[in-house]
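Trainee: Sequence:
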Amino acid sequence: MTSSEKDASKRSNSKETLRAIWRKELIENVKRDSKQNCRDLNETTTRQVQLDVKRSFSNITNKDLKQKYQRILQQLILNVLRRNVHFSYYQGYHDVASIFILLFTDIEKTESDSTLAVELELVSEMLYHFSLLYLRDFLMSTLDFTMDQLRVVPKIFAKLDTEIYETLFGNSDPKLVVSAPVSCLLTFFSHDLNNTEQIFDIFNTVVENKTMSWVIYIYCLIIVQNKKTLMKSVEATRDSFLNENDFVNINLQTTFYSKIDDTDWPDIFSQLNKQPKTTGDLPDSINQLSTLNNSKLGLFERSKVKLSLLEKIMKNEFKLNEKLHCTSSKNLASFSVSSTIKFSIAVGVSALIIGYISSAD
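In terms of UniProt numbering, the sequence shown is numbered consecutively and its last residue is 361.
You may find that some hints are simply not true.
To be verified - Mimicking SDA-like on lysine to any residue, the simulated pairs with C-alpha atoms at most 20 Å apart in a straight line are:
1. K227 to E163
2. K175 to N245
3. K227 to L272
4. K155 to S172
5. K54 to T44
6. K210 to T146
7. K296 to L282
8. K31 to S295
9. K35 to L122
10. K227 to L160
11. K274 to L160
12. K68 to L78
13. K15 to T196
14. K175 to I286
15. K54 to K35
16. K277 to F200
17. K227 to T263
18. K259 to V224
19. K155 to S295
20. K159 to I286
21. K35 to K68
22. K175 to T146
23. K155 to K277
24. K15 to N194
25. K323 to T142
26. K323 to E311
27. K24 to N204
28. K319 to N293
29. K24 to S303
Stated by the list, open to error - Pairwise CB distance ranges, derived in the manner of DEER restraints:
30. A158 to R302: 28 to 36 Å
31. S308 to N42: 23 to 31 Å
32. D33 to S240: 52 to 60 Å
33. K175 to R32: 35 to 43 Å
34. N273 to N62: 34 to 42 Å
35. I27 to L242: 46 to 54 Å
36. S58 to D281: 36 to 44 Å
37. D261 to I27: 33 to 41 Å
38. A158 to K66: 26 to 34 Å
39. R55 to H325: 25 to 33 Å
40. D261 to S240: 33 to 41 Å
Simulated from the structure, these hints should not be mistaken for lab results.
In this text the structure is predicted, and so the values were computed from the model without any measurement.
Cβ coordinates follow ideal geometry from the N, Cα and C atoms, glycine included.
Make the full structure from the sequences, and use the hints.
Mentor: Structural data, given as structure tokens:
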């Protein structure tokens with residue numbers, strides 16, 4: 001067997017191992033004790049799904065193959081959204097769904113619609129359970145519970161590296177929301193990474209260890225690993241911003257995107273395994289039904305979690321979100337024009353900083 005054949009075999013075995021783990025955790029360990037419902041989706045949601053799907057699988061160069069994957073992805077997302085009246089689609093959910101497609105669809109089977117139909121039914125069930133367990137904060141009608149999760153970021157930095165914490169948050173407003181990691185959080189890094197196997201590993205560490213908090217830990221550990229780059233960015237921008245919010249988020253964003261391709265992933269996962277599976281005492285803003293509170297909710301006290309319980313929690317969290325934030329808007333595009341302008345300026349500043357850091361290196 002050639003070295004390339006050995007590598008292919010290793011990847012295949014790894015993929016089969018992941019499939020077995022996800023089937024166990026997301027199918028076998030969920031007691032399906034509720035009836036499967038199906039609702040109609042509004043035109044706006046369907047159209048947004050279609051637009052997002054068209055942008056998916058950009059790394060697949062074979063046009064016919066890409067279209068096959070896109071058709072499966074669209075059907076998968078629509079299947080899952082129809083299952084629960086309380087699910088609100090968000091941009092980034094298609095990135096999450098595409099990872100399930102890539103793991104459970106074999107290229108050699110794409111010519112057989114019957115085979116794909118069986119796989120699609122399995123993956124739909126799996127993604128539905130995954131969404132209830134780990135994505136329900138993001139599937140609300142507003143982004144508020146998502147932003148609440150990001151309030152945990154300073155707390156984690158305080159545990160991992162006191163110098164970074166003091167530099168970024170030592171004098172900051174306690175109400176500061178660290179928005180820089182929002183894409184990584186919503187998509188489990190599937191929007192920001194190009195290496196599919198690395199993304200599989202991130203998803204798997206959440207599924208196998210039954211903890212949502214490790215997604216946030218991974219982001220913070222990447223920043224800690226690139227502390228030197230962060231400090232250079234801080235030095236370059238110390239007097240560039242009028243408010244603490246821009247200072248913190250642009251420095252984090254600059255560090256993350258300038259170094260993400262150089263991440264030492266074995267070290268990240270080694271450090272991750274040393275961290276607790278919960279973030280400890282959560283900020284008061286984190287609602288009691290959040291995915292960060294899965295352990296406190298007793299979801300994993302028994303060998304199997306009841307689907308009816310997950311759906312009930314989703315329903316109650318949806319009601320809580322509507323009650324607390326009935327006037328909020330979920331769509332990121334609905335931010336004010338001034339916010340959009342600020343973001344555009346921030347992107348430009350980030351590009352300049354990245355150039356400065358690169359030249360300094």
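Trainee: For each hint given before, does the structure comply? Return the numbers of the non-compliant ones in rising order.
Mentor: 15, 21, 38 and 40
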